[in-house]
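Trainee: Given the structure of chain W, go ahead and fit chain Y onto it with the hints provided.
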Amino acid sequence: MKKIIISLYAVATIVLMVWGFYQAIYVAPEEQTMHEVQRIFYYHVPSAMVAFLFFAVSLIGSIGFLGFRRSRAVWAQISDAWALAGAEVGVVFCTIVLITGPLWGRRAWGIWWTWDARLTTTLVLWLIYVSYLLLRRFAAGPQVQTLAAVLGIFGALDVPIVYMSNRWWRTQHPAPVFGGGPDSGIKDPAMLAAFGWNVLAWLAWGVLILVLRYYVERQQQKIAEHEAQEALNA
Amino acid sequence: MLHALWTHLVKDLRIEWRSREAVNSMLFFALLVVVLFSLAFDPRGAFSREIAGGVLCVATMFASVSALNQAWAREIRHQVLDAQRMAPTPGAELFLAKVLANFLFVSVVQLLLAPVFLVFYNLHVEGQAWQLALVLPLGTWALVANGTFFAALSIRSRNRELLLPLILFPIFMPALLAMVLATTSILTGDSDPTLWIKLLLGYDIIFTTVCLLLFDVVLNAE
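One line per chain: the protein sequences are W and Y, in this order. Under numbering that gives the first Met the number 0, residues 0 to 233 are what the first sequence spells out, in order. Under numbering that gives the first Met the number 0, residues 0 to 221 are what the second sequence spells out, in order.
These are calculated hints, taken from the structure and not from any lab test. Where is the CB? At the ideal position from N, CA and C, for every residue including glycine. Among the hints, erroneous ones may be present.
To be verified - Per label pair, the in silico range of CB-to-CB distance:
hint : chain 1 : residue 1 : chain 2 : residue 2 : range
1    : Y       : E49       : W       : W167      : 16 to 24 Å
2    : Y       : Q69       : W       : G195      : 48 to 56 Å
3    : Y       : L12       : W       : A233      : 45 to 53 Å
4    : W       : Q142      : Y       : A86       : 17 to 25 Å
5    : Y       : A113      : W       : Q228      : 57 to 65 Å
6    : Y       : F27       : W       : R166      : 36 to 44 Å
7    : Y       : D41       : W       : W18       : 53 to 61 Å
8    : Y       : A39       : W       : R217      : 47 to 55 Å
So here's chain W without its partners, still in its complex pose (with noise of 0.2 Å):
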């Protein structure tokens, strides 16, 4: 049953893929400035939110790890499979932020890459983000999921921190397409419409790996579990 209804929710994100690239490419006007390389942007906003969302699923996990671990050890592993989980996927879909935007740079602003607020911040994050891989793949035994949880609250911390620091430092990226002012929104609805399904689309996908990203690590903690007992009742 779990199997079908898996799979039946993977057939539907590829329809709302394909739909949304549909959207993006051949319905949706093209921008007046920029043109053609402005769709991108379906892409590219999608691609951080999802990664913002998970962003902060996996620091969620790390608190309910940290928070569960002295008393409900089920809910601890749930929690420390999620962290692991959304990082892991939210750096894949950081990255592609970070592919994409010096593409789009480059043809907009006429460089590839810029030291400002946002640009900073993603990049930052990233490099937060890996640094959290490389120590659950360096440190061994069982510690490794305290360290982990402690490690992603000092990162999702430092996020705000290196935001400002950037802020006051030097801004280029566009302003807020959304809620940045009176003037912020896309007036277009076609352009609107594509967006949104891209969004959809998009998060559709990411909710899928990172769900059964979710299910691997969970068999993972499972069989390590087992084979603890085993070595104990041996």
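Mentor: Positioned in the frame of chain W, the structure of chain Y alone reads:
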């Protein structure tokens, strides 16, 4: 009250006074970094003032990692760390003592390095020189507090010496940015460093608090 902190601090200072391992190795390492940067960038005139702040901060950062790696490695031998975990004193005191000791070591290195720096980069401070006495300790505290915490965290991993800079540097980045920009604006006298000093202060308060709160978790991680 704070008895354990004092005991740990005196012990660390006494060990350092007898061996002078940390200060000597940091001093030489920082000197090497300064010389290497001078060779790589050929600092002259106004340009030397532009980069001097960055070089000083990065040299301190690299040098302190070598000492921070040793800070807990000493406690691993003879199971001292296990004994400290069993001791009925709060881990925060142990942590704070380590931070204070390493803060003193790094500050000594900076004081000894300062004249060399002024000579190599032909510096004369254009802005308010006394502000440096605010910026450098604040930046050093940010580095040492986080560094000591992450050294305790990475001591449990397989490649501990390698892991510390990998997890410390990304977290330290905003403080490094503030430290470098404040130092540069003091040296060049072009802009007002107050904003960056405030940022450093905020960073120090936030991260020192979180380190103190979470240190017991790291110390007793099983």
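Trainee: Now look at each hint and say whether the structure bears it out.
Mentor: Checked hints:
1. Y:E49 <-> W:W167: 16 to 24 Å: With a Cβ separation near 19 Å, Y:E49 and W:W167 satisfy 16 to 24 Å, so the hint holds.
2. Y:Q69 <-> W:G195: 48 to 56 Å: The hinted range 48 to 56 Å holds for Y:Q69 and W:G195, with Cβ atoms some 55 Å apart.
3. Y:L12 <-> W:A233: 45 to 53 Å: This hint holds: roughly 50 Å between Cβ atoms.
4. W:Q142 <-> Y:A86: 17 to 25 Å: 19 Å, holds
5. Y:A113 <-> W:Q228: 57 to 65 Å: With a Cβ separation near 60 Å, Y:A113 and W:Q228 satisfy 57 to 65 Å, so the hint holds.
6. Y:F27 <-> W:R166: 36 to 44 Å: 38 Å, holds
7. Y:D41 <-> W:W18: 53 to 61 Å: 58 Å, holds
8. Y:A39 <-> W:R217: 47 to 55 Å: 50 Å, holds
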